[in-house]
Each structure stands twice: as structure tokens, then as C-alpha cells.
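From first to last, the protein sequence lines stand for chains Z and V.
First residue of the first sequence? That's 26 in my numbering, and the numbers climb one at a time after it.
First residue of the second sequence? That's 338 in my numbering, and the numbers climb one at a time after it.
Hints are not guaranteed to be accurate.
Each computed DSS-like pair below joins lysine-lysine, with the alpha-carbon atoms no more than 27 Å apart [said to hold, decoys possible]: (1) Lys92(Z) with Lys349(V); (2) Lys657(V) with Lys632(V); (3) Lys94(Z) with Lys349(V); (4) Lys681(V) with Lys780(V); (5) Lys661(V) with Lys984(V); (6) Lys97(Z) with Lys661(V); (7) Lys984(V) with Lys1000(V); (8) Lys780(V) with Lys73(Z); (9) Lys1126(V) with Lys1154(V); (10) Lys657(V) with Lys984(V).
Keep in mind the hints are simulated off the structure, nothing from the lab.
Note that the structure is a prediction, hence the values are computed from the model and not measured.
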Amino acid sequence: MPEVNKPMTETTSRDLFPGALEMMILESLRRQPSHGYALVQHIQQRSKNLLQVEEGSLYPALQRLLKSKLVKAQWGVSSTNRRIRTYQITPAGLRHLDEQISSFERMFEGIALVLNPAKATSN
Amino acid sequence: MNWIPDIFRRGKLYNDLSEEIRLHIEERAEQLMREGASREEAERKARLAFGNRTVQEERSREVWQWPTLESIWADVRLASRQLRRSPGFTMAAIGTLALAIGANAVVFSVMNAFLLRPLNVPQPQSLYSLQHGDAPDGSLSYPDYLDLRDRNRSFNGLMAYNFASTVLDTGNNPSSVWVQEASGNYFDGLGLQPYLGHFFHARDEHGPNSAPYIVLTYDYWHTRFEDDRGVVGRVVMVNKHPFTILGVAPPEFNGTLLFFNPGFFVPLVEDPLLTGDDLNARGTRWLFQAMGHLKPGVTPEQAAADLDSIGAYLQKTYPKDEGKMTFVLRRPSLYGDYLGRPLKAFMAGLMLLTGLILLAACANLGSLFAARAADRSKEVALRLALGSSRKRILRGLFTEATMISLAGGAVGLLSSVALLRALSAWQPIPSYPIHLAVNPDAKVYAVAVLLALVSGLLFGAVPVRQVLRTNPYEVVKAGSGRIAGRRMNAREVLLVVQIAICAVLVTSSLVAIRGLIRSLHDHFGFDIENITLAETDLGMAGYSGDRVPAMQKRMIGALQALPGVESVGLADSLPLTVNGSGDSIVFTDNTSDLRPVNAATDTAMFHISPEYFHAAGTTLLSGRAFTWQDDKSSPQIAIVNKEFARKVFGSPDRAIGHFYKMKDGTRIQVVGIAEDGKYNSLTEDPVTVMYLPILQSPSTSTFLVVRTRPGLDNSGSDNGQLQTATAMRNALRQLDPGLQVSIEARDRTLTAVLFGPRMATISLGVLGVMGAMLSITGIFGMAAYSVSKRLKELGIRVALGAQRKEVLQAALGRAFKLLALGSAAGLVLGLLATKVLAFIVYQASPRDPLVLAGVVVAMAALGLLATWIPAQRALSVNPLVLLREE
């Protein structure tokens, strides 16, 4: 996956590393299938607005996930009677998410060790 | 690899995406409205929150695309849409480039065929021909050839050949055909295999006239024998002697001299029978050329040294016959340096000029592109503002440039192929088997495509800086009027360069054309008007000994009796014909050691009848003409030309009545002096010439020079010439029906001599016209553009009361200044360049006031022509309409 990652727009590339957005989308979809707008809302709320994700940048990421068959999409009607396109995570998406999360955690741990070795060893 | 089904689903995918994004923004806006924002405010905020919708959408689509190829394809489609939107620009650009690339393809193809492509024989790279060290000429005597062949240690067999014009008769259908007399080892030495039957070999030669065999060329077999495979073994008559057809040479093999395609090959030892040359005469160099494959490891220099030592030996052994004999090795295909050097120089010059044409075309297109980019600066700025990258915009521009260059290249190549085909099929000189096989090959196509791409890059690169410096905010704010300023200068420089190049081309073509026209009106030492020639060889018709002069006298008498004929002269050869004349070394009277090294001069030699001078129109400066009494029984006499008198006797006055010596010691008295002329080529240095009475040294080769009365039966017009020719043919046929006579107007026979200069002039003329066309389009483009840019300014000027003159000056003054600058530079360069031309084009003098004036007038006329329409437009400016527009 990461190699298909096109460079993000100038505004988001500062904030997110490649693949992060996809990971967050998959995680949100694991909890609940939803459409693009709801996904944005969800991610912004969950991150307590710490992550400034430009709404539009969600769509290239969704297309990449669609293409890799990690999610599937279906047109439907929402509870508020809007026409929406609902995304749902696939089994392959679930597997991919687990792998990504564990590799992300390892990476995060590594970074933390480098940034703050004392704290890490005393732990 | 699931991109293949993706391609077909793509339309739906993209639609879904757009819809989804639209709904997203809508939902956000509704949300904002619920929070109390006005509709407008909500929609604006929703769009802001979403970010650049176009970019995001494009990026989303890219996920599904096959990245590089597809974006190129998209560029191509965009570019073709842009180009279709301005068909005038597109056609002009493609046309310009097609001309330039076509010209380059033609010139390169000719150069490729003549200079780059090796001879069509196995291992052509080790095949070298012999050329004398002191002159670009390879002729040898037969004994010389045998000694060189047998004594050298450098060649794997030395071959030799000669050309002869013969009459072939396969049964009551005699027809003239050129034949190559080749040594017995010719085909084996070249490593060729027959297409049909077999070749003759070295073992077939047993002295003079011992091998009456024929090998047909494929082409001649095809045309004359209609591919009849039964010809092998058939006996045919050549010059009334029986010869057996052995076989047919492979297709595509037409002898080892380019241009000249003989009908068939006969063994060299048959030459005495066919042309009467003496195989044993060591002093007569009648063999055309000798050549051979170098042994492995031998360099051309080593081989030449080897041959030189044989030459020294021959000179020592046969001092009476041999002069200093040194050799250099050259390629056989263009007769060494004789054709090779001028052709190389000329082709190099031509390649340079066509290269300049292409450069001029690129400059032209470059400024067109720059103007186009300037016009589109608003569009570019908009695209930049909307988030397009500069790279993407440049790629678009280059795509347009490449598409135009490829289209232009294709059109140019196609037309050049048609032209080259025609050129290859053309037989420029009637009665000589001259062919210019210049069909293009893969190399030509590759070069054309390469040139197209390179020129696309060149002119596509012109507007790059302009795009890179575009500042979207400035452009959108300022309107289109402000992009002038410095950037115009790059285009102006291009225009000056282009005009200079075009002026070079116009100058050189004018110089060439002027030279040719002069050369046609020059006096060559004989008349051209009202002269018809009849050429025959009595030897081919079976005459020999005393029957020859008797028949010649009867022929003169018969033609003399024709109505309208003023006088008839006879000669064994004529100046400025392809065969040329015989030549001989001569000595001053007080030379006793008659070795070639002591010779006073090597002089051309014509055997003529008494009336020759009058009939040919050669002026006898002093002394007397020959009479029919000057025969074998009377003392040997000669008429010499002024150059001969000057060179052998010191001055023309001391020549008459005095003697000089021939090779064999014969003393010859000079009885007259004739004017100088041109004998072998128009560009030659003064040549020494002696005329000898035909009765003192008879020859079967017969040229009858028939002078008709001027004005009578409209001579000069084709019809008159035709009547004379028919009457002459009938008269001669009555004397002997078996005589093969070719009759031609004298000016026609100059075709061969003028062929080179004419081709040069035609090619230069074409290049000149192309140059002129390019400068017209260039100036027109520039003038039209600057007028259209400044229309508003001009309108204001008119409104403020400017006169027509002032308007014109404002609109076109700059264009004319550039034109003058470019023309002046081009004129100077052109004059320098034409020094090169002087080698090929007779009297191509660059310091010709007429040419100088011609160039100035031509360029001014081009300028006027090109600025006419823009000027009209500038003058018809209506300030009211214009000011209302913006």
C-alpha cells in the first residue's frame, strides 16, 4: 500500500505520514460503515480537532482503499433521507488494518525510544 | 493487473466520485446553515473546508489511472483540442516544418545514397580504386594495368574496367547501349554471384578478342530481354560481331560506378574489336579505372607506396611511354576525387543550407509559439491559480510542439519520398545511362524523425521561460496588454536570426542562378545556336581502313546538300560532350629526349575536317584553315589554340610556321591559331588544344557539325530542329541503312556538361524560395502579432490625430528595422558562403552588383509582402470600436 501513496496535498502532508489517513479511515469503518462526510466528522471528533484533515483529501485515500479492495462502497439513503455512498470494510481490509496498526505501534515505539531513551528504559 | 477492467469501469467510477463530492459539500453546507449561516456563507465555507475540489478529484482519479502513459494521452488529447481550435496556426506550423524537414530528408537521402552508403558488393570497406597522385583521374593503359596487377603485393587481385558505347543486335533490331568492358577477374574479385547462368573469369582471357562473352545487367535483361531465362547461351551481335550471353548479373548491381548503369559487361580483352583501342599500347591510358580489395592488414597508404614503387619501375623500364607515376587510393563509386570531391563539398554545403532552413523554421515556430503563449498567458495564469503545476502546463506546451513537429515531419517525409522516387526514376541525360538512385532507406526515416523531434524540442523550449515567470495574480489583474516589454526581445532576436538565415539562402541562390544564366550565354569557343550534331561510329557499322574517310566525305556531302544547311564540319570528338576528347603529350621542337617527364604540355586533341571551324563557329585568329589536300601524303600540320601557342611557343606570334614534336618524334608545323574555349567543363582552367587534319590521322568516331542558316525554317524552335534532324537522318540512312546515328541539337548536348551546375542551381533556387517563404511567414507573424497587440494603442494614436505614416511607423517600424538588420547580416554571411559555390557553379561571383541589388530588392519586397496585411489592418483601425471593446 504505501508505495501507491501519492504525495498528499501541500496542506496535509505536513501533518500526516503516508498511510495514516487510510489507517484512520479503516479504523473508523471497522467500528461502523459510513459515508465520506460522516468519516470526516468522525475523524475530526475523535482526534479532538488535533488533526487538521482537509476534507477533500479523504477522497483520494478512499479511492486507493477501494482500488485495493480493502473497502467496498454502496449507494444508499441515510436515516436523514440523504443519498449517500456508504463504505464498508472488507475482510481483507480488516487483516490489512491489523497489520498496519501493529507495524505502526512498533514504529511509534521505536520513535519514542529515540526521542526519549531515559523514559523508555526506566519503563 | 486489474487496470484493464478498471479502464472500462472508469466512467462510472468517476461519476460516482463527482457525485459523492458534490453531496459531501452539500451536506456540509446544510450543516452550516443549520448552525445559523446564510446560504451563501454556508456554501462558501463548505467549499473552503473541502479544499481544492478539482485537485482532489483529479488525485482521486489518478488512483485508477495507468499513470505516465495515461497522463501523456490526456496531454495529447488536450493539445490536439487546442491545436484544432486554431487551425490557421496549426496548418502554418505544420507546413513550415514539413518544408524544412522535407528539404533535409531529400538532401540527406541524396548524401546517403552517394556518399554514405557503400557500394552494393560484398566487403565494400576494403575495396579501393587507383587514382593518379597528380590528378583526380584513374586512367591506365592496358600494359600498365597488367604490370600493376601482377607486381603488387597489396591487393587480392586488381580489377579494371572501361566504358564503351556499342550497338547490340539480337536480330534486325540494332540499338545503342553502353557497355562496361571488365577485366576477367572483375566478378570474382568483387565476390559476386550471377543471378542467372554464369560470369566470365580470368581463365577465359587469352589475348585480344579471345573472349566474346556477355553478362547482362539485371535491369537490361529485364527491359530488353523481358526476363527471358532462355537468353543464356544465345548469340547476339555487338557492333556486328557475335557474342555469347553467359548470364545475368545480380539485381541491384549496376557496375562499380554510381550514376552510370551499363547495359551489359564484356571482357576487357574484347576492347580492340569493339572500340579499336590497342591492348599493347603502353602510352595510351584508355582504361577507365582499376580497383581491388586490399589484403587484410594492408593500409591504403602502404598499398599506395607499393604501387608507387611499381610506377617508378615502369618509368625506368619504359621511359619513352611512361611519365612519373604515383598513386593514391580512393573509393571507386564516384571515380575517386573526380566526382567525389566536388560532390562532397557541394553536399556538405547543401546539408548546411538545409540545416539552416530547419533552424530558420524552428526560429519561426519558436516565435509563433512564444506569441501564442503570450496570448494564452491569461489562461496559463488561471490554470496556475487553480492549482495546476507549472510542470503540467509546460508539458502541455511541449506536447503541442511535439505533435506539430511529428505531423510536420510526417508530411515532409512523405513528400520527400515522392520526390526521391521521381528523382530515382529520372534519366537526366538522354543517350547516357545516368541514374540517380537516391531512394530513401531506414537511415533517412530515422534522421527525419530525429530532426522532427529535436526541432519540436527547440521551438517548444522558446516559451518556457515565459511560462515559468508567469505570475498568476499580475496577469489576471493587468489584462493582456502588459506582457510586452522584455519578453518581446527574445522573439525579436529569433526573427533577426531567421531573416539572416533566409537572406543567406536568397543570396546564395541568386548567385547560383546568375552564374548559370551567365554560363548559358557565354561563348565557349564554339557556337550553340543553329547547330545540329550527328554522331556515329563507323567502326560499329563495319567500316575500316580507307573506307572510313571515303564514307565520311560522302556523309559531309550528303548533309551539305540538304536545304538550309550552311556548312558541315566533321571531327572525331567535340568539346563539352561527355566522351571528351583524346589527349596527347607534346614536346618543343628542340627537345631530343622524348620522355614524358620532358613534355611541354599534355594537350587535348581534335581531328577535324577543313570546314569544321566555320561550321562549329570557332574563330581562327590567324593563319590558315585545313584543306582536303592536307592528307597523309602532305607534311604534318596542326592548328593550335591560343593557350597552346602561349604554353609551347611562349607567345601566339611565335607559333605560326614553327614546329613542335609529338610523342613518337613526328615534327608538326603550326599553320593556324584558334581561339580558346571550354573543352571538358565550364569551370576548367585554360586548356591547351591542337587540331589535326582528319585525313592525316583518320578515326572511325564521327561527329558531324551541321550549321543551318539562321532564321530559316525557324531553327531554334523545336519544330525547326526536328525537321533538320529528320532530314539529316534520312540523308544518312540513304548512304547506309545500317548506320546507328544519334542526332541532337548542340545545346542539348550541353545537358550533360551543364547537369552538375543545373542541379546545383535548381537545389539552391529551391532553397532560396523556401528561405524567402520562411522569412515572409516570420515577418508576417511578427508584424501581425505586434499590430494586433497594439491595436488599442494605435486606435488612441488615430483618435489623437496621427497621420497614416505615423501609424504605420508605430505599427511596423520595428518589424522593418529587424528586417533590415537581419538582411544585412544575412547578406554578408551569404557572400562569404558563396565562395564555396564557386567550385561548382560557373562564374558564381559573390561580388556581383546585380546580385547584391537583387538580394536587397528581394528582401525589401519580402518585407513589403509580409507586412501588407498587418499594415492594412493597422491603417483601418477604428478608435471608437476599439475603445469600446474593453
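Here's how the hints hold up against the structure:
1. At roughly 14 Å between alpha-carbon atoms, Lys92(Z) and Lys349(V) fall within 27 Å of each other, so this suggested pair holds.
2. The suggested pairing of Lys657(V) with Lys632(V) is violated, with an alpha-carbon distance near 33 Å, which exceeds 27 Å.
3. Simply put, Lys94(Z) and Lys349(V) have alpha-carbon atoms about 17 Å apart, close enough for the 27 Å limit, and the pair holds.
4. A threshold of 27 Å between alpha carbons decides the hint, and for Lys681(V) with Lys780(V) the separation of about 19 Å falls inside it, so the pair holds.
5. Taken as a hint, the Lys661(V) and Lys984(V) pair is honoured in the structure, with Cα atoms around 21 Å apart against an allowance of 27 Å.
6. Pair hint Lys97(Z) plus Lys661(V) does not hold up; C-alpha atoms about 97 Å apart against a cutoff of 27 Å.
7. Restraint check for Lys984(V) and Lys1000(V): the C-alpha separation of about 17 Å stays at or below 27 Å, so the hint holds.
8. The hinted pair formed by Lys780(V) and Lys73(Z) fails the criterion: a straight-line CA distance of about 69 Å is larger than 27 Å.
9. A threshold of 27 Å between alpha carbons decides the hint, and for Lys1126(V) with Lys1154(V) the separation of about 18 Å falls inside it, so the pair holds.
10. A hinted pair counts as satisfied when its Cα atoms are at most 27 Å apart, and Lys657(V) with Lys984(V) qualifies at roughly 22 Å.
Consistency with the previously given hints fails for numbers 2, 6, 8, ordered from lowest to highest.
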